[in-house]
Amino acid sequence: MLGTRLIACLVVKNGIAVQSIGFSKYLPVCRVEIAVEYLSRWGIDEIVIVDIDASRAGRSFDLEMAQAAAGAGFVPLTLGGGIKSVAEIRMLLKQGADKICLNNSARLNPGLISEAAKVFGSQCIVVSIDATFVDGEYKVYDYSLGREIETNVLDFAKECEKLGAGEIFLNSVANDGLKQGFDLDLINLVCKAVSIPVIVIGGAGHPSHFLDVLKQAKASGVAAGNYFHFFEHSVIATKNYLRKNLAVKDLVDPNIKGKESIIRPNSYVDYKGISFDEMGRPAKKDEDFLESQRFEFHPEEII
Amino acid sequence: MEEKQRIALALKRKRFFLENPIVIVDYDVGNILSVSKALSYLGYHHIVSSKPEDIQRASGLVLPGIGAFYEAMRNLKSRELCSVIKEEVLNKNKPLLGICVGMQILSDKGFENGEYDGLALIPGNVRRIPEQEGFRVPHVGWNTLEIISKDPLFSLIDDYALDDDKKEELVNHFYFDHSYYFECDDKYVLAYCNYGQKLAVAVRFDNIFGVQFHPEKSQKNGLKLFRSFFDFVMNHFGSLNNSDVTDGLQEAKRC
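Line by line, the protein sequences are chains G and H.
Residue 274 in my numbering is what sits at position 274 of the first sequence, and the numbering runs on without skipping anything.
Residue 451 in my numbering is what sits at position 148 of the second sequence, and the numbering runs on without skipping anything.
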């Protein structure tokens with residue numbers, strides 16, 4: 001069974017990964033390849049890297065950064081930021097990207113979507129849409145202008161699908177960085193409007209927010225930017241929280257004899273049997289248990 | 304496996320592939336660097352090349368790929384690699400692993416944006432995944448496999464692990480990203496995945512292998528698959544007999 005992906009979105013500014021709050025405030029986290037390495041080790045399903053300076057500075061995605069990020073883990077990478085031509089996409093794919101995310105250029109030059117889809121296949125082209133709720137409808141937000149434009153999000157998403165986009169990366173501007181949960185109405189509207197996979201982002205602050213999307217919307221992937229930087233082993237802990245709290249019917253595919261989860265389990269480190277505090281972080285175990293673990297050796301699997 | 308045997312085997316692998324390198328065919332579609340990084344991580348000597356002379360001295364070939372069928376075939380043709388690859392694989396019996404579009408072009412015909420001829424190494428056609436309620440196309444993400452034959456590609460992959468409730472849970476996840484699938488006879492299929500219908504995602508015809516998913520992006524499971532494939536390549540050449548292991552053990556002691 002195809003699982004729902006848990007995706008980390010690394011927002012890059014001045015060459016380092018940052019936390020983004022409301023598209024206006026930024027806090028530094030670490031070098032991009034370091035973030036890719038730890039997220040990959042924690043069992044993330046996919047990583048999206050968005051270089052938010054590139055478009056404004058009029059340059060393309062930094063090739064060196066792409067190469068460093070691709071070398072840091074064996075995990076699917078989607079790269080976005082300032083990509084304007086098929087030649088640039090070809091370079092980035094060669095450096096180790098699996099998919100390319102278009103935002104500004106998809107709006108300004110929709111022809112690029114179909115041109116790129118023809119050369120690299122639809123599965124490679126992701127269109128990123130920033131949505132904002134204005135006057136009773138969702139409109140496309142132009143981050144380079146810093147305001148919404150007169151395009152309806154649903155119309156734009158449908159058009160992208162028609163042009164050959166393989167996925168929609170849907171961001172809610174209002175919820176970005178607020179840790180208050182995802183915009184479920186927006187997600188449901190867009191998922192119904194298109195028949196390609198939709199990845200949603202914007203607002204994760206607690207593992208229960210991911211659970212809401214899994215239960216109430218048909219998104220193919222749930223992404224978060226800042227959230228995965230909040231605490232150690234965030235991916236592992238979140239996956240275990242979700243696996244624990246999903247109903248059995250969500251977990252079982254009757255066509256397959258074994259049990260199967262829509263959240264891909266981690267193979268190495270896990271938090272089996274752990275409880276969670278009110279913030280959704282793994283709670284501390286009692287002293288006796290910790291004492292018993294002190295000298296236990298857990299070797300890493302050798303392939 | 305015992306530590307000593309492991310080192311011996313590692314040394315044997317190293318020596319073998321230093322003399323007979325793996326060649327990753329560079330035909331300008333997609334993920335060459337990622338495949339190369341995965342092989343480096345596993346300690347394999349390999350060459351990324353589109354030169355016929357390199358391909359001719361290879362022990363095994365990898366056809367990586369992200370891209371459309373037509374584009375991939377056109378790139379192979381423009382580099383005049385089709386006949387070289389066919390010669391090495393069919394007449395010299397060299398193992399070949401096609402990944403994603405690299406697997407799809409092993410077929411007779413591809414129907415992506417038209418109808419195009421493939422390399423015709425494994426009988427089959429490449430068609431679009433039919434859209435169904437609840438199964439969005441492209442098929443993107445981590446899916447589990449129904450493995451028909453473990454040998455040789457999936458020999459190291461665990462199918463099940465115990466979950467929290469001590470129940471068996473499928474864990475053989477691989478990363479997929481495709482809109483087209485390989486339609487072929489069941490006898491060539493090593494593994495299926497379930498996406499609205501059964502899709503053949505790993506195929507084999509003698510020494511020719513193809514996988515629809517991306518092992519270079521599938522974390523540990525992907526690395527295990529590479530390990531199995533290249534052990535197959537090594538055994539395919541001179542079978543791994545006992546004297547070799549003893550040689551390796553001797554060498555391991557000297558280190």
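The hints are simulated quantities; they were obtained by calculation from the structure and are not laboratory data.
If you're wondering where the values come from, they're calculated on a predicted model, not measured in any experiment.
Heads up, some of the hints might be wrong.
Here are some chain G residues pointing at chain H (derived, C-beta under 7 angstroms) [said to hold, decoys possible]:
| # | residue |
| --- | --- |
| 1 | Phe120 |
| 2 | Ala193 |
| 3 | Ile196 |
Built from N, CA and C at the ideal position, the CB exists for glycine as well.
Structure-based check of each hint:
{"no.": "1", "hint": "Phe120", "result": "holds (5 angstroms)"}
{"no.": "2", "hint": "Ala193", "result": "violated (12 angstroms)"}
{"no.": "3", "hint": "Ile196", "result": "holds (6 angstroms)"}
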